[in-house]
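Asks: Taken in sequence, the protein lines are chains A and B. 501 is the number of the first residue of the first sequence in the working numbering; add one for each residue after it. 109 is the number of the first residue of the second sequence in the working numbering; add one for each residue after it.
What the hints contain is simulated information worked out from the structure, not anything from laboratory work. Take these hints with a grain of salt, some might be off.
Stated by the list, open to error - Okay, the calculated bits of chain A under chain B, using three or more residues with CB under 8 Å as the criterion:
1. 556-563
2. 580-594
3. 686-696
To be verified - Which chain B residues stay away from chain A? Per the calculated CB distances, all over 10 Å, these:
4. A127
5. Q223
6. N304
7. Y357
8. P433
All C-beta atoms, glycine included, are put in the ideal place defined by N, C-alpha and C.
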Amino acid sequence: MSLRIALASGVPLAATVRLLQDAGLPLAALHDSQHGAVNVLDDGTMVLIAAADDVPLFVERGSVDVGFVGKEVLEEQEYEVYELLDLRVGRSRMVFALPPAAPKEWWDQAGRSRVRVATEFPETVRRYFEESGRQVDVVALHSAVESALGLGLADGIVDLIRSGRTLVKAGLEEREELAHCSQRLIAGRAAHALRAAEIGPLCDRLRELVERGHGKEVA
Amino acid sequence: MIPEGTRDVLPAEAAQLHAIEEILRGRFAAYGYLEVRTPSLEYAETLEAADDDVIGGGYRVFDDQGHVLMLRTDMTVPLARLAATRFEDKPLPLRFSYIDSCFRPPGASRGQDGQFLQAGAELIGVAGASADAEVVALVCEILSASGLRDFTVSLGTVAFRNALVASLRLPPDQAEAALDALAERDYPLLESIVSNAGVDDDGRRALQKALDLGGGDSALSQARKLALGAGMEHAVDHLVSLRELLEDYGYADHVQFDFGLYPELTYYTGIIFEAFAPGVGLPIAQGGRYDDLLAAFEWPAPAIGLAVAVDRLNMALEEARVALPVRARPLSVAGGLERPQLVAELRRAGLDVASLPAGAPLTLPSLRHADGDWILDAGTGREVRGSLRDVRRALGLS
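Start from the sequences, fold in the hints, and give me the full structure.
Replies: Here's what the structure looks like:
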């Protein structure tokens, strides 16, 4: 049986596909990159395109052998998967941003005991502020995090940024960096044991590419 | 209607689970493991003695005296308590087995129901590769006996990992962080811990190589070459002896080595193993050596155990299309309730009968009596008519 792979749809997909092509996977034949699309490559490899949030679940349950997904997803949901390699593509930073007028030490000065933070990553945000002893009211959204501010739903946001332009456009200022995120190679526990002969060489080829600096230019 | 993470088991699945349990009991008995049962509720401090977040993180309740009780999250710790308190002066080794439910709040360990059925065995009072081999062989024997042909047992050792981290000479807090990253198998995190600590390229390459080590016999000889210091050499030699013994048991083909394997539970001290089968993402059985746990109950003794996740084994068997020896559904007999003697005759003939009131709609398979003949409708579209012997034959009972 050939390897079964899940790729996260969205912005980093193109960079991940390029990396996999360079690692020798005949991905040129990827005819459908819509959510839920199942592509069978010439060498028999099955490639599933899934919503990023769903990739770890497919991998944990053994429906696919390996997955490619952003670190932010792995941090947010604690799945039982092995994280084998940082691919250093699809890089982004997770930041806490506030309007420029907001006080530096909000928690002391704004007369409120907690700050409302809109985010797509509620668990990560809760953990981060909890660790530094600050209370937040997490406003969990699925998208359009920036507009939550304009509408008075939140005081600040935690979001992934690639260039920082989105923040500027939304009139926000970066205050803290929570994490560096990039695409990761993950494997299921059963797949890691049962398909070691296929996963090992793939991981080796990818590691070699990453160490040679592949993906630096597409960060 | 029922708490999150729990479920009802309906008759068809219950029959499958029963069949699996009978196979497991048979194998435990064949290896001399005596079945025991322990209370579902333990004193919380008993489970806390394992010093493990998952095992100590169960559902707690108060008793009427104000003691904190916990629904058992694990069977190994209660069995260690049982051995240490009830068999203190008995000759070693002790062999116990169990089939029972454990309880963990949903989310405590992912991919696990809040209540899950475990079947396991513990061998207490013998150290060394020969005891390890018996338990690993028993895992293989259980999986084979259940009808599974395609399965793999991954073998690793805590000793190798500890020696590996020690060889990096990290400061204590970073060594701990490194062990945590290994436990999670988060290699990018491990890489950043190690490079922040200033480990040189050679050290990092050696670490990477060691983590990638896996597979068959060649992995052992490579591990021997990579070994940094006596601790790692000893750990590899132990696995070599274990491998030879498993050859004698006839199960070497199912076993592979994985030097990146790290136990989920902190009480393991020696070899650890996880068994996998196609179609199930998480281990269907796991276990390992825990030589320090019994000391927590003031009765130090080496020990090793295995636990089968019965629900996952059932999934694997379904995936492999293994037909379990499941007892057939009972025959419904209309009017049986009103005619106990007739039904008694059927039961004497070895048939399972569900008596229905006269005139009640029949469920299949059904049996009725007409003109001196028995008529069996097994739902196959064709009725069988004849004597009780014919009925038994049609049901495959004789």
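Asks: Taking the hints in turn, state whether each one holds.
Replies: Here is what the structure says about each hint:
1. 556-563: holds (count 5)
2. 580-594: holds (count 6)
3. 686-696: holds (count 8)
4. A127: holds (23 Å)
5. Q223: holds (18 Å)
6. N304: holds (13 Å)
7. Y357: Nearest chain A Cβ is 20 Å from B/Y357, so the label holds.
8. P433: holds (26 Å)
In summary, this structure violates none of the numbered hints.
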